[in-house]
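Sequence order for the protein chains is A and B. Position one of the first sequence corresponds to residue 1 (the working numbering), numbered consecutively onward. Position one of the second sequence corresponds to residue 1 (the working numbering), numbered consecutively onward.
The hints are simulated quantities; they were obtained by calculation from the structure and are not laboratory data.
Estimated spans, in silico, between C-beta atoms of each pair:
| no. | chain 1 | residue 1 | chain 2 | residue 2 | range |
| --- | --- | --- | --- | --- | --- |
| 1 | B | 54 | A | 85 | 49 to 59 Å |
| 2 | A | 124 | B | 78 | 30 to 40 Å |
| 3 | A | 60 | B | 73 | 43 to 53 Å |
| 4 | A | 28 | B | 45 | 56 to 66 Å |
Derived coverage of chain B by chain A (criterion: at least 3 residues anywhere in the stretch with Cβ under 8 Å from a Cβ of chain A; other residues may be distant):
| no. | segment |
| --- | --- |
| 5 | 11-22 |
| 6 | 291-303 |
Each residue gets a CB set at the ideal place from its N, CA and C atoms; glycine is no exception.
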Amino acid sequence: MEVKFYLIAYGFLFVALITSFISLWKQFKYSLQLPVGAMLLALLALSLGLIQRSMTAGRLPFASLYEFTLLFVWGLLLLFMFVQRKIKSPLFNALVALLGVILLSCASTLPSETAPLMPALQSIWLQFHVFTAIVAYGAFGLSFCAGVVYLLKGRLKEKALGLALPSSEKLEEVLHWSVVVGFSFMTLVLITGAVWAEEVWGSWWSWDPKETWALITWLIYAGYLHARKSYGWTGEKAALMAVIGFAAVLFTLFGVSLLIPGYHSYL
Amino acid sequence: MRLAIYLLLVLAALAAIGSLIPQGQPHEFYRAYYGRPVGELIIFFSLHNIYRSWWFISLEGLLAVNLLLCTVRRLRQPKTLKEWGSLLLHLSLLVILVGATLSGALKRSIYVEMGTGDSLDLASYGFPGTTLTVEDFKIEYYPTLEPKQYISYVTLKTAQGKQIKKEIKVNYPLEFAGFKIYQVSYGWLLKGQVVSNDKTIPFELPDKKSLPLDEGKGVRLFFMFLPDYDEESKNLKSRSPLPRNPRLVSLLMQGHEILDVGVVHPGETAHLKEYSITFSSFRYYTGLEIKKDPAMPVVYAGFILLLGGLAMRYISNHQPK
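When you get a sec, could you build the whole thing from the sequences and use the hints?
Right, here's the structure in full:
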């Protein structure tokens, strides 16, 4: 049943993706509401799947890369629900749905067994660490989508899709808001991780690849925030930085787990 | 300020390089793995130890100085809660960097392996008058026999004559008088003796270790413990990690060549060539890390200030309109 819920979520995300693409080309009745509604249903189905998984495993689904990838999509969709009203852009909706589809596809290739928690994960810090990471990653995902819309907007002719694109100010605002949320929660991820590492490994910072890449992500977004504040980098450069930041996020999550051996090898 | 942004990004790039090159390996590893010229370059620029290299630390120092200057500049003019938050945020990062530096200079830690029942005088490790005794070691398993928790039961005798009985578990280190003891590792200790030509060599070795017998010829005994020997299997393997059917496997080796193999119960003797190996007993050892880091409160204070600064800086009605 759990996997069926994910499939349903996948289906709804696909519906959202296709309907929002169609509405880019041709507006129709409820062309904005339909994709958002489909994504809300996807969020619900995903939540049910995760609840089911928690009940089967007897713990929160906070332990493996498979589980975190599902939670990543969950956080992305949840935050999207708060933000979508502010910009009302079919292209933005389509990108968020596409990111959700891609992440769920990635999850389906990962080992999905519900293993019991190994001794190193038997800690209250696991809950804080992963919860803050869900919010941080979801927010960075949104900032990436807003950044891509911004970059596309500069390259598309005003006539093609022109009507469907939100104003640069609105986009920039959503981009900045999601980076601020992501950055704040990423700070919490790093702090909870450090306190936990001190309790479990006896060292609050050890340049483990996962730690290092989480810090790299944090530094890139810190760079974005400073550039914006001091030089008013609000245009394409800022959007590009949000895209680069998200590449670091994805590498921290998948690249480091799959390519580099380290303490965080919890597949 | 422009410098700060470049420093952030340069440090990020360097940290990335460090994460992609295996750190802290011997020099030969880099020459073999990357080939001569690249390997030499890696060693020359300390890319194999990047986070401790003078230039990485100098850049961190530069960032700290930059932070300090920015903070001092801000100190004169904060008016709103937001500005105070920003000030606190930058100040807290400085506190964390200072904590990290102090930690690097003052942290002392040692790793010890102790058999159950063993005692260790911690005087030589910088804790005079303190004795640590491992009373017992236990592994909790899930029904699937996957490990759930590793527990060392210890007694700590202090210089004041106090006796403290505690459990040390993964994620639950023992904290006492400024130091912490962590559960890090465990294994089996195998005890017995080897007799050959009237020579008796008693041994007590951790699992999967070798006992040299004839250094000249390179002859040694390699010991392996099977806690739950699977008699039906053709291979030497254990059915479970529980000591239900214990055996000692002794491999008589010369170089990489296996000369003879013996598998015996506790109390039995195996005869391999001219050597008689008696397996008398086995017990757990626990691997503990004993650590003292007087800089930790500074780091944690930095974390708390950082959280406070972040809240003041961003929580004040930050919503997309």
